[in-house]
Amino acid sequence: MMNTRRETSIQVQTVLFCNDTYSLLRSLKHMANAVRVARQNGVEVHVRVAWGDASPEPLFDETALNEIRQKYREELELDYTFFHRNTGTSLGHNTLAKNCTDEYLLVMNPDIVPSPTFFMEILKPFEHKGSTPVGAVEARQTPLEHQKTYHPDTGETDWNSGACTLYLTKAFQQVHGYDADSFFLYCDDVDLSFRIRLAGYTLLYQPSAVVYHDKRLDENGIWASSEVERNYSAEARLLMTWKWSFPKELDQLLKHYKETGAPEYRFALQKFEERRKNNTLPAQLDPEHRVGFVLLDDNFDARYDRPEEKQSED
Amino acid sequence: MLNKQIPVITELQDRSALYDGYQTVGKVHLSAPDIMTIEKIKPSPSGNDAKYDLVDLGRLPAEVSDLSGLFRQLGGMAGAADSTILFSVPNALSLDYLSGQYFIDTVGKTERRMTYSGICRFLAENGYEITAVAAEEKSTGSFQQLRIQSEKTASDLAYFSSLFDGFQEAELFHIYCTMKAEDKEVRLPDAEKPLISVIIRTVGDRLSELQEVFLCLSCQEFQNFEVLLMLHNVSDERYADIQKLISQLPEEDREKIRVIPVSGGNRSTPLNAGIAHAHGSYFVALDDDDIVMANWLQVFAEKIETASGTIIHSYAVSQEWSRNGACLHSEGDRDGYFCADFDWNRQYVINRCPLMTLAFPLYTVRHFHFCFNEQYDTTEDWDFLMRVASVAGVTDAPFCTAVYRKWKNAASSTTLYTSDEWRKTEKEIRADFRSMKRIVNASEYMKDLSDEEESSIALEPELYLNGKKIHADTITMNGMTTKVLFSLVDVPETNGKMRIDPSDHGGYRMIHPVIRVRKAGNIVEQFERSAISTNGVWKGNELIFYLGDPQMHVCVTENHADTIEVSFIKQYGMQPREALTMVPRAYVKLLKEALGYILQKFRRK
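Note that the protein sequences, when read in sequence, are chains Z and A. For what it's worth, my numbering labels the leading residue of the first sequence as 1, then goes sequentially. For what it's worth, my numbering labels the leading residue of the second sequence as 1001, then goes sequentially.
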């Protein structure tokens, strides 16, 4: 339990796109509960929820919003912005974060539900003063944990998932948030993580800060991706290897995509070649690979966190 | 509020006095169309030391459709106050009513009357334990009192017959009951009854995991459930920790939870206690380290709508996890080993249905007194599943909705017991399975027919003469008799081996089948029964085809026949004796046992 009575301000921001309002209200209810529990345990948090709605039509009208605000007036504030266009998550989050003056910024998917002790646990690592400042702390997702490599004692990790990560607002704004020009759906969080580390911050994973992430498996126990997800995942792989200066891996991927010819590979190749032709590929970073990491497996799937043994060498 | 004192019969002198000054102390909720309220519940008569709780049911018992629901709610009210409840039953007139009927219809009216034996048995079935009975005689209004040993159940009709003999002139019976221990929990009205009771067992040493279980339950799409948190041998300190966890939940989630301490026994004990306290129609069991997806209960609930009464079985993945202090961490990929339908043959050998993938019908569990075997320290869930499944059957809901965690560095039932202990229990359970009988669903032995096969169920006889296939020329019906003609005009030589396939399907009787060979309008050959070889079974003049692909074989001697005529009466359905011959021997034994049991019950009556 934290002993400080200093109030910690957090902007909790979520980009909405045609979500069912049940999930959003469920999330909000548990958010308010987590605030209540934190305060009861001496963690004074001031939470402002910022919803950015990228749906074609607004998901909430002013009456509904006022009812919600009234219901949770003790625990949180609620800001709602209708974007009038589908911004995608990256641009949506950047827009919401642009004028954020709160100390912390919690980037959260709409289908995330925080546990009662979430704020108490997610804030803990920011208290520990290490050699490098903590730039972001990622929560553990349940029932399907987002598997990743991290140091078992310190929680240090190579990148944080955008599903639910608490950023130091200063760090997020310092690197200008997500690269919304390059990444539409995937790897925007990995890229942001690498840039925050490049700016001198440490990233942590906090398994005791638990959130429910409403994911489903198919009848074979596999998380089935949609066509859109496959397309943008394939494209993101090319962009990551390009941007983080892994030319050998990029060549391997391009060759594999061309030879295989799967629909998502054709989509990714076309988009990548267009960018190359139009000179809109992102600027390349970290040629010495100080923070960036791309490893292709036998199926040409990419992982961006270093295997455990390599991490311990660092 | 009902009081705790048992009424003294002899003080029931002036019944009319009891009807003054009623006041409402409770309501009984009944399902539509029986939405009625019991309003007249009277406290003790003033000036009398004896305490009475009188519920005037009026004509309710004769008119409600959910009589069981009514009595269970009354019993719940009494049970909650730990009170004895007295039922005074009028119009119990004669031994004629001891036929085992609960109620009889009077002539010309749709009216039920309680019989003495009927009400006794009915009470017993609804959770009451009869502690005493008394009868009030019509003429004198005096009482005779009998004490019944509580272990005597009301369903023992022979015993009650002997009791009844002394009260043939009685106008009113008084039956004193208490609720059985397992039924003492307040019974909720159906409208407030949850569909599913989630029973969580914990010894209180996995708080992080338990918090995660609560979080998973909070996020369920389907919210008509209750949670029974069974604290098994939990110390005061851990009890306080758990209470703190619960206090941290949102209010509506807290309200779903009932905390029930359980002492002694083994892993099965809290589950059995949970079953006794559950209010739902179904129960599911969670260990305090299980994690489930938001559609976990929704999948069960949807299947219950269409397959109520059966066990509902969903899928799960397994995954290795490790623990670092209070931090939990998944180690490996998810494994779809438990993503498979319930398979009887496989299940007798190995359990592939983790407990959290199963929803059990509570009515069946209670009715047959199923419980988790407290002799077993491991695999008690496997044993329980198979015993309940043998009666209730299993319906698969092919959705993966849970994660079964296999701990690499933390205690679990896998690590608490040695592999020898696991093997020993598994061996014992398998040995029990060898003598287990089960109700067989016919669909397990019926293949799904394609549209083409469905259409072939209609009679489409075929004839094979010396291997050559000949389709029926005409099929005519004359009354019940079917006549099929095969033209042999184009067949150069008609002598030889002939096979007649009357249909593709079996399961019917062919009465008086006749096969004739005609030549230019004259019968030249009619086959006797002894000349017809067949894969059917002859019973007198009936040829019974139990299985598919029925065949009749004859040998034709006429070389210039022009027509083969087959006539018969076809009847579907089997006589019981015939059907028995279809059943594998194991089931014959089972059926005989069941019949013997039923006959024995009749003799006792």
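Note that these hints are calculated values from the structure, not bench results. This structure is a prediction, so every number in the text was calculated from the model and none was measured. Every residue gets a Cβ at the ideal spot worked out from N, C-alpha and C, and that includes glycine. Take these hints with a grain of salt, some might be off.
To be verified - Chain Z residues, not near chain A, derived (Cβ > 12 Å throughout): (1) 57; (2) 84; (3) 88; (4) 198; (5) 229.
Unchecked claim - Have a look at the derived ranges for each label pair, beta carbon to beta carbon: (6) 131(Z) - 1241(A): 50 to 58 Å; (7) 62(Z) - 1439(A): 40 to 48 Å; (8) 46(Z) - 1207(A): 24 to 32 Å; (9) 103(Z) - 1266(A): 33 to 41 Å.
Hint-by-hint comparison with the structure:
1. 57: The claim holds: residue 57(Z) sits with its nearest Cβ about 24 Å from chain A, beyond 12 Å.
2. 84: holds (31 Å)
3. 88: holds (25 Å)
4. 198: holds (27 Å)
5. 229: Residue 229(Z) is indeed farther than 12 Å from all Cβ atoms of chain A, at 18 Å.
6. 131(Z) - 1241(A): 50 to 58 Å: Distance hint for residue 131(Z), residue 1241(A) is violated at roughly 36 Å.
7. 62(Z) - 1439(A): 40 to 48 Å: violated (60 Å)
8. 46(Z) - 1207(A): 24 to 32 Å: Given range 24 to 32 Å: holds, Cβ gap about 28 Å.
9. 103(Z) - 1266(A): 33 to 41 Å: violated (51 Å)
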